[in-house]
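Engineer: Since the structure of chain V is provided, determine the placement of chain C with the ligand on it from the hints.
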Amino acid sequence: MKLAIREIRAGLRSGQFSARELASRALAHAGAENPKTNAYLHLTPERALAAADAVDAQLARGEDPGPLAGVPIAVKDVILTKDIRTTCGSRLLEHYVAPYDATAIMRVEQAGAVIVGKTNCDEFAMGSSNENSAFGPVRNPVDLERVPGGSSGGSAAVVAQGTAVVSLGSDTGGSIRQPASFCGIVGVTPTYGRVSRYGLTAFASSLDHIGPFGGSVHDAAAVLEAIAGRDPMDATSAFAPVPSYTAGLTGDVRGMRIGLPKEYFAGLASETGDLIARGVDTLRRLGCEVHEVSLPHTEYAIPCYYVICTAEASSNLARYDGVRYTSRSANGETLIDMYRNTRGEGFGAECKRRIMLGTYVLSAGYYDAYYIKAQRVRTLIARDFSNAFQQVDAIIAPVSPFPAFKLGEKLDDPMQMYLSDIYTITGSLAGIPCMSVPCGATAAGLPVGMQILCNHFEEAAMFRLAHAFENSGDT
Amino acid sequence: MSPGTLDKYEPVIGLEVHVQLATRTKIFCACPTGFGAPPNTNVCPVCLGLPGALPVLNRRVVEMAVQGALALNCQVRGESIFARKNYFYPDLPKGYQISQYDRPLAEHGHVDILLDDGGSKRIGVTRVHLEDDAGKSMHEGFRDSDRYTYVDLNRTGTPLIEIVSEPDIRSSSEAYAYLTELKLLMQFCGVSTCDMEKGHLRCDANVSVRLRGAEKFGTKAEVKNLNSFRFLKQALDYEIVRQVELIESGGRVVQETRLYNPAVGETFSMRSKEHAHDYRYFPEPDLLPLRIAPGWRAEIEAAMPELPPAKRARFISGFGLRPYDADVLTQTREMSEYFERAANASGDPRGAANWVMGDLAAALKADGKELADSPVSAEQLGELVALIAKGGISGKLAKEIFPKMWSTGESAAVIVEREGLRQISDTGAIEKIIAEVIAANPKQVDQYRGGKTAVIGFLVGQVMKASRGQANPQLVNDLMKKALG
Ligand SMILES: [Zn+2]
Numbered sequence: 000m001k002l003a004i005r006e007i008r009a010g011l012r013s014g015q016f017s018a019r020e021l022a023s024r025a026l027a028h029a030g031a032e033n034p035k036t037n038a039y040l041h042l043t044p045e046r047a048l049a050a051a052d053a054v055d056a057q058l059a060r061g062e063d064p065g066p067l068a069g070v071p072i073a074v075k076d077v078i079l080t081k082d083i084r085t086t087c088g089s090r091l092l093e094h095y096v097a098p099y100d101a102t103a104i105m106r107v108e109q110a111g112a113v114i115v116g117k118t119n120c121d122e123f124a125m126g127s128s129n130e131n132s133a134f135g136p137v138r139n140p141v142d143l144e145r146v147p148g149g150s151s152g153g154s155a156a157v158v159a160q161g162t163a164v165v166s167l168g169s170d171t172g173g174s175i176r177q178p179a180s181f182c183g184i185v186g187v188t189p190t191y192g193r194v195s196r197y198g199l200t201a202f203a204s205s206l207d208h209i210g211p212f213g214g215s216v217h218d219a220a221a222v223l224e225a226i227a228g229r230d231p232m233d234a235t236s237a238f239a240p241v242p243s244y245t246a247g248l249t250g251d252v253r254g255m256r257i258g259l260p261k262e263y264f265a266g267l268a269s270e271t272g273d274l275i276a277r278g279v280d281t282l283r284r285l286g287c288e289v290h291e292v293s294l295p296h297t298e299y300a301i302p303c304y305y306v307i308c309t310a311e312a313s314s315n316l317a318r319y320d321g322v323r324y325t326s327r328s329a330n331g332e333t334l335i336d337m338y339r340n341t342r343g344e345g346f347g348a349e350c351k352r353r354i355m356l357g358t359y360v361l362s363a364g365y366y367d368a369y370y371i372k373a374q375r376v377r378t379l380i381a382r383d384f385s386n387a388f389q390q391v392d393a394i395i396a397p398v399s400p401f402p403a404f405k406l407g408e409k410l411d412d413p414m415q416m417y418l419s420d421i422y423t424i425t426g427s428l429a430g431i432p433c434m435s436v437p438c439g440a441t442a443a444g445l446p447v448g449m450q451i452l453c454n455h456f457e458e459a460a461m462f463r464l465a466h467a468f469e470n471s472g473d474t
Numbered sequence: 000m001s002p003g004t005l006d007k008y009e010p011v012i013g014l015e016v017h018v019q020l021a022t023r024t025k026i027f028c029a030c031p032t033g034f035g036a037p038p039n040t041n042v043c044p045v046c047l048g049l050p051g052a053l054p055v056l057n058r059r060v061v062e063m064a065v066q067g068a069l070a071l072n073c074q075v076r077g078e079s080i081f082a083r084k085n086y087f088y089p090d091l092p093k094g095y096q097i098s099q100y101d102r103p104l105a106e107h108g109h110v111d112i113l114l115d116d117g118g119s120k121r122i123g124v125t126r127v128h129l130e131d132d133a134g135k136s137m138h139e140g141f142r143d144s145d146r147y148t149y150v151d152l153n154r155t156g157t158p159l160i161e162i163v164s165e166p167d168i169r170s171s172s173e174a175y176a177y178l179t180e181l182k183l184l185m186q187f188c189g190v191s192t193c194d195m196e197k198g199h200l201r202c203d204a205n206v207s208v209r210l211r212g213a214e215k216f217g218t219k220a221e222v223k224n225l226n227s228f229r230f231l232k233q234a235l236d237y238e239i240v241r242q243v244e245l246i247e248s249g250g251r252v253v254q255e256t257r258l259y260n261p262a263v264g265e266t267f268s269m270r271s272k273e274h275a276h277d278y279r280y281f282p283e284p285d286l287l288p289l290r291i292a293p294g295w296r297a298e299i300e301a302a303m304p305e306l307p308p309a310k311r312a313r314f315i316s317g318f319g320l321r322p323y324d325a326d327v328l329t330q331t332r333e334m335s336e337y338f339e340r341a342a343n344a345s346g347d348p349r350g351a352a353n354w355v356m357g358d359l360a361a362a363l364k365a366d367g368k369e370l371a372d373s374p375v376s377a378e379q380l381g382e383l384v385a386l387i388a389k390g391g392i393s394g395k396l397a398k399e400i401f402p403k404m405w406s407t408g409e410s411a412a413v414i415v416e417r418e419g420l421r422q423i424s425d426t427g428a429i430e431k432i433i434a435e436v437i438a439a440n441p442k443q444v445d446q447y448r449g450g451k452t453a454v455i456g457f458l459v460g461q462v463m464k465a466s467r468g469q470a471n472p473q474l475v476n477d478l479m480k481k482a483l484g
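First to last, the protein sequences are chains V and C. For the first sequence, numbering that gives the first Met the number 0 begins at 0 and goes up steadily by one. For the second sequence, numbering that gives the first Met the number 0 begins at 0 and goes up steadily by one.
Hints in this document: simulated from the structure, not taken from any laboratory. Think of the CB as a built atom: it goes at the ideal place given N, C-alpha and C, for glycine as much as any other residue. Treat the hints loosely; a few may be bogus.
Which stretches of chain V does chain C cover? Using the computed rule of at least three CB atoms under 8 angstroms from a CB of chain C, they are [stated by the list, open to error]:
#: 1; segment: 190 to 200
#: 2; segment: 323 to 336
Derived contacts from chain C toward chain V, CB cut-off under 10 angstroms, selection only [unchecked claim]:
#: 3; residue: G51
#: 4; residue: L53
#: 5; residue: Y86
#: 6; residue: Y95
#: 7; residue: V150
#: 8; residue: D277
#: 9; residue: F281
Bound conformation, chain V alone:
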């Protein structure tokens, strides 16, 4: 069922199918395919059919059911859904049912979308392979021996698989872009503050984003259009008006200035590097000017990111303590025992690693050396980008140094895993919009994504460039 949003819209209007038929097909398809990939943690048939029926009723009354009417959408299981379990891929929240919907959930449903299921992910969104889920890894539908990327691996896999048309993921240091690249679809991390975080389980608050996956630039843009905009429930959400991203997909990118950061391409002699280079040639052919730019503080990005994100995570994850909604350990006599056993038994290895690291960098005597220094570096990295955007309209970069790897291949080497985040975390630290758009495949048939980064709130330009590239016929 690889339908585009436009096709669904046309099909519903012409009566080719109803929203209920579409939802039923998606649910059945998801149920049948899921054993292969483990991409869904749970399907949400009741909610899906109720939403679909509402769309059908609106159509019957001649009303506009919204820009995402009838579109089957899957949601990463870190985004809260009222009366439906939200596990965050963790044993600790295995049975947790939220009493409210995330703002992004309300907005996609307001736009007519039909939520078909909650998708698997790395525990509390910590990971780059989806192997850190308490409920088993997700397999990449392109090659079931390989990971789909992470942490939003499930949300990428279901779109690649065609069991959902679009999906919502979350991105802290690349968790949307990298799985999109590995699965050969479009994944978007909007500007920090563009989409409300209300109802997104926090991993690292100053870096967390909700963003869409789609089979095409248009579909991802349509979803972002629906969820973006100021939310009074999130003090960090931006007031900037939301333009129509889909209306801006003109195909005309002539004269657009493209920057290639020399620090990114220096050591990138691989199939991935070749594919990106070909992608840049395509952009040149489409009329873009290509310039070299410099992001001189790139080398400090990884330590900077892992200090800030773990510091925030150590605090954000403190609430899973067994006192209220967290699954409580049955062992222990005292309060301290309960905390230790609940958290010791409940969190997976990666979460524990990050909580310990974050606790350490915030500790008295280390705070200045680590956290404060990391914040200074973050400012410098953001300045690198704003300087670059004086010269160019968009920056092109790889998403990952390599395509999807085999399950278990990097599991024992967390450092290697962290280092592979280099191209995605810089944009996250700067809070700028970035996305992965498919850029061909390796000889082995593994998809490779090209990353486009633009200045704050320049999503429209980013989508226009991605859309022109997508339709160039070269990929």
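Structural biologist: Positioned in the frame of chain V, the structure of chain C with the ligand alone reads:
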């Protein structure tokens, strides 16, 4: 220990006071702040610390906190930063408190306190910062309290300001005076009810002692749970003696947190600060820096009421009150405003002051009433005082009229009119009564004329009696003298 030994030492005290702001809703969500609701009912995803919930700062909280800071003569920062204070406790659902750390709301303030000897002293205020309150753990009172602690999160997210003083306080009575003045200032601004029983005003103290004349501070202990004025004084006195005794006996004060137990009047060690929490403060990423633009600050400042120090000064210089009276009349905002309205209506501020502090206060106390419920309005009391001042009624008569005003709510004029109590200053009418009294008391008249002039008091009394107290006493006196020649 001899008083001489104690006098060798000087206590050094700093207070940390938590004041609950009187907003209707919590600091980061729209839940009500009410007291006494059933457990865990005034809650929402935000104050419950549910996954995905985010704090949004209550504007009214900022306005009240800024007013509180201005009342303490603080400099309000143009930009302050919220920070997370991380620790685990069952009544802290987020696992951290949202507070302020290295960039607090306001700094560099002071409070002037009145000393017992009538002088005044300035106590520095280091900082004022905003934070959210935790919930309440209930360890006792349930059937299974031996195994479980119950948690009520209604209070979670209630707005607080923490006011940290400089270590400028040198005795328990100075501490008492400081807390009294601080409470008064907060109540005057309407920033807090400061109801200590409800926990709206909570106080911890840092206490150390040093030999008089020494420059260096001694090691301090933090004393918690000083939740009444009486406990504050008792606990500080106990702690000062404890530390002096410890040092005198060759011991050493350790830096620690101590809890005051009012039942036995002693402080107990809670935990050593050497193994204290590391709160791992860092800037709260869910909240933007709090920016208070000059325009907003000015608006908040303009809405401030006149504060007790300024009021006292004005009552003394403008109304001619004695400092003691000015102090008494500024004990609450309601009292000061009542007095001022009465004073203005009376034309005799000192007279009004006496009535407010005397008969009115006594009547309120006797009936257990608050000033706001007084049946006699400030304007009515002022009118009564004006009647005396203008000679319309005697002070004695006024004392009889006031209880009638109190019980009926009627004005003095209405009562005077109805009961025909107006003072007689009509010379002719008085002369007529005097003639009657002289005629009826020849013996006393003779005594007077024989040089026993003191008897005039009796004769005047007879006139007053005959006039049912309404005759102007001064006039009676003068006319009687004249009549007796
Ligand atoms: Zn609340």
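Engineer: Hint validation: G51/C versus chain V, beta carbon distance must be below 10 angstroms. Holds or violated?
Structural biologist: Check passed: Cβ of G51/C comes within 4 angstroms of chain V, closer than 10 angstroms.
Engineer: Could you check if D277/C really has its C-beta closer than 10 angstroms to a C-beta on chain V?
Structural biologist: D277/C check passes; min Cβ-Cβ to chain V is 5 angstroms, inside 10 angstroms.
Engineer: Are three or more residues of the segment 323 to 336 of chain V within 8 angstroms, CB to CB, of chain C?
Structural biologist: holds (count 3)
Engineer: Once the shortest beta carbon distance from F281/C to chain V is found, is it less than 10 angstroms?
Structural biologist: 6 angstroms, holds
Engineer: Against chain V, run the beta carbon of L53/C and see if the smallest gap drops under 10 angstroms.
Structural biologist: 5 angstroms, holds
Engineer: Given Y86/C as an interface hint, is its Cβ closer than 10 angstroms to any Cβ of chain V?
Structural biologist: 9 angstroms, holds
Engineer: Taking beta carbons only, do three or more residues of the segment 190 to 200 of chain V come closer than 8 angstroms to chain C?
Structural biologist: holds (count 5)
Engineer: Can the hint on V150/C be confirmed by a CB-to-CB distance to chain V that is less than 10 angstroms?
Structural biologist: Check passed: Cβ of V150/C comes within 7 angstroms of chain V, closer than 10 angstroms.
Engineer: Does Y95/C pass the interface check with chain V, least Cβ-Cβ distance below 10 angstroms?
Structural biologist: Holds, about 5 angstroms.
The structure fails none of the hints (numbered hints given earlier).
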